[in-house]
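Enquirer: Just so you know, the protein sequences line up as chains A and B, in that order. Using my numbering, you'd call the opening residue of the first sequence number 1 and step up by one each time. Using my numbering, you'd call the opening residue of the second sequence number 623 and step up by one each time.
If you are wondering where the hints come from, they were derived from the structure by calculation, not from laboratory data. Here a beta-carbon is modelled for each residue, glycine too, at the ideal position from N, C-alpha and C. Treat the hints with caution; some may be incorrect.
As the list claims (entries may be wrong) - Here's a subset of chain A near chain B, in silico, CB distances under 7 Å, partners left out:
hint	residue
1	K84
2	S85
3	S86
4	L117
5	M148
6	A205
7	R207
8	I210
9	T227
10	E246
11	A250
12	Y266
13	L270
14	R271
15	A288
16	G294
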Amino acid sequence: MDKRPERIHLHARFLTQGPERLLHHDNTTLCKALAIFFRLIGFLRPYRVGVIWSFVLASLAIVATVSIPWLTGAAVNQIDSGDKSSLVKIAIAIGGVSIVRLGLTVGRRIVAGRISLGVEFDLRNRLYGHLQGLELGFFDRQQTGQLMSRATVDLQSVRFFLGYGLIFLIQSALTLVIGATAMFILNPKLAAISLLPVPAVVLVARRYGIKARPALQEVQQRIAELTADAQENVSGVRVVKAFAREERQAERFRHTVTRVFDQSMYSTKLRAFYNPLIGFLPSLGLVAILYVGGRDVVNGSLTLGGFTAFYAYLLMMLGPMRTLGVALGMAQRAAASGARIFELLDREPRLVTPAGAPDLVAGAGRVEFRDVSLIYEGATENALTNIDLTVQAGTTVALVGTTASGKTTLSSLIPRLYDATSGTVLVDGVDVREVSIPSLRNSVALVTDDPFLFSETVAENITYARPDASVEEIEIAARRAQAHDFIEALPEGYNTLIGERGLTLSGGQRQRLAIARALIADPRILILDDATSSVDASTEHEIKEALRAVMEGRTTFIIAHRLSTISLADVIVVLERGRVVAHGSHDDLARESELYAAIVEKGLPDQVFLTRKPVETEVVGL
Amino acid sequence: MFIALIAATAATLAPAPLIKMAIDKGIVPGDLTQLNIAVAAFIGFALLLWATSAVQTYLVGWVGQRALQDLRVRIFEHLQTLSIGFYSRKQSGVLVSRMTNDVQALDQLVSDGIVTLFQATLTLVGTVVILLWLDVGLALISFIIFPLMVGASLAFRIASADAYRITREKIGAITSYLQETISGVRVVRSFGQEPRHVAAFSELNDQNRVANLKTVYLNAAYFPAIELMSAALTVAVLVYGGFQVIDGSITVGVLVAFIAALNTFFDPIGQLSQLYTTYQSGMAALDKIFELLDEEPDLVDDHRAPALPRINGAIDFEGVSFRYGEDDAGAWALRDISLKVPAGQTVALVGSTGAGKSTLAKLVARFYDPTVGSVLVDGHDLTKVRASSLRSQLGIVPQEGFLFSGSIRENIAFGRPDATDAQIADAAEAVGADVFIQEMSAGYDTEVGERGAQLSAGQRQLIAFARALIADPRILVLDEATSNVDIHTETKIEEGLRRLLAGRTAIVIAHRLSTIRSAGSIVVLEHGRIVESGTHDELIAAEGAYWRLYRDWATQAVA
């Protein structure tokens, strides 16, 4: 019981801060942004060739773009000297360059688009694969919406940056460098004067970056909170409606939305201050040209054409300077999102097998717990303490005990959903940590009291563990689980869509499907965690018969509160506060264990009418 | 905002005439004073541009973010008006995607879009005026570009509308899949099916990529085409204008200024075409959002309908039949139900899975309206009163006890947020939840986690009782939990239930014998019909369906 508060505490901290902060952005150091930045760029590695191509195409396009003002300047000079034929030649040249540029731009856009989508694809797959590799304990403390937000909203801003922003950034920088070089060749003095504002632009942009990144990261975090909030309200809509609390939930949601708004406005404020400033500084260069260059034309040291070209260059460079601002903004956003994605990717799976671990050897399903203790992450008290228990192959064990006595925890250790903190769990003599996880989990099937079914057809849900099962096998499993009859009565039988997109099944029906799903896996170890709680009495009676048959030749763990179910077991293990307090047959325990005797005697005074075995004596007489 | 926009536009436009003035009046005639004036004016306009664009970015950002905020809230509020039937048809991941991904896709449109639209349009109009002022002939040639541009944009629109719509659908599918497999992670893990999900996800992810790739191709065709038109125009102006300068009909200054002005002419055109693609992708998202907003609530709560007055809690089913779905083909979930429940009585609904117990209970809460017949509370037809006034006097305890992330206190006070701490503690005590709550480190402030994951099933059940109790409903609809808990908790739940039911009209989907026995009346349902009703003793004496269920259960006891 005491483990809970600690876990809750941990959970609460996560809710406000995100998963175990691996990146402490205590200080908005540029180094960190750069580190994230380079890691993001690292994802471009598989697309090296494409990146080089798009870079080459972009550079050539820039050369084309830069040459246009130069040609225009030349044309003006020809006009000035009244040379019509040269003018036409230059005009044709401009046209030709434009067409070449068209080809280059189309190519560059396609290549860059492919790369950005490729990176998004890779990152999302990697993120999902990573999530699938994380241990179950991780998800116990996560909000689904938070994880979803990282794989969608955050990924998109990374994609925009890597696909477009980065190219913009490089292109703008290149345009500036090439433009500046051209200007220096044309007129070094004028070039130096007009490029004076550039260092200032760099400084301001840097300052903007330092301020904007944490602000934007907070925006992303709040959007994730919003996702979590929206998700919870959609899932819990029945409760909201039942209590007519729509207004209040809407109020809460408005609050969450307002938090996003406030933070977005804060980053807008930053943008409103810095972006125009970055736009303003370069126009000082224009002023310089007009003032100094104009005088040079007047005193004859510069031609009017030269002046025009110079002016056109600077105009041309104004765009990239502004784009640089936009691209930097994208980079900020991507760095913020990247940090959130890496936070997840850097969370090491804590439940791993050594590389090349062998498959679980064939066996009959002997399970052994050797001095097993488990303490949940962040908890102060053990969930399991010094469990020593051997279950012979083919026997059925009932785990009995009060809530939070460790029954479910103990059974979760067998398919290695959690790892013991100390001690070892062995299946057929092999430590579960030393065999490949898929081979282990394929040998163990678990049925819980509130089984989760996927939005797929009935047949697909049954064959979940073995998609290649034949129609006959599906039916046999369904019959054994007493599910065949109700499935046949569904609108489309085994092909009926269930779950979120389809038909809603009752608790009892879901449990029977889950039993069929477990049976088709043909596991050597079967774990039934309160698996028939929602099944009515008549059906349960039949399932019990079927279970007796399927338990043959398997090791079965039953977690139950009912004597009728417990009576299926060869051995009963009584747990209390994570310890085995008694262990033996029904008769032994009735004599020796006070707790078990109490269960038998009180006989669960409140018997579930349609689903539980009664103990009241007068009932027996009926 | 508009002042800022206009001022900013003026400041953007100023350089072209200023440079004309600088060249024609200053540089060519060698008049340095004129040049100085032009330079000073230039600085002035640059400063103006700085100030106005700062104001404009802020204001437009405000308007845009405001719009997104409103849109999110509107979707949320609209979702709340939709019936439970709607939710059972839709995947929750898709609905969440509407509020997050799709609204996010509009972000770019509203935050940059509005500025671009106004500023680019104003710039364009201003440039047109300046071009005309500089030289009418050259200007007219330049305007040939408009019909070409419009044509290209139309072609682009037709080609891309579908492509963008598909991208929205694909990201929705990804969100859904993520949501489902994260929610079902325990099953995935225990059956070791991770590789399959990774593969299926990768397939969805690839579909998303392919869909987006199509928009990339379209963009790759559209933008450079616009750029090419601009270049062609520059050439035309250069040649035609150049000839005119050489012929002496216009000055060099005019031509240079004209070419400079053409730059400010192309910029807004480029921006507008960029905006157009943003608009296209935004519109696809907006379409999806509107599709959701256009979803008519099928249980319309007429706001002019009278509120249900304070009720006693008598429930009356008059010839009620019901089937799910709108098509006539669906099987009847309930047939010809006529049932009177006097105020204050507990009715236990008994029957096998699929007999119609929960459907009957849902009609009382008006989660659905009967297909035939009517449900009356104190003589008021439920379809003729405001649903909120009914539900505020109604308590519902669902089987699974869904809790919201937040503290235990917040969850108990869910139905009555103004409840005092004392009232919350009283409610918890009444249902026997106070003991375990106080044992927790943070007591009533303990966070319950997503869906109450940090609590055990029994604890969630007790909190759901307290939540129903504090609302002090006249009518209680209760789906008894079947999940088994230990004796200790079981006893507590039983006592809590007794407290909760006392003095209220209750419709209970019962599983516990103790509940059924203490019920004022037992209604046995089979295949959507009432086959029997009466007290426990009466029904046992009658040796009917109830007696048979009871016998089955008893046989099992000796098995």
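Enquirer: If you check each hint against the structure, which ones fail?
Expert: 2, 3, 6, 7, 8, 12, 13 and 15
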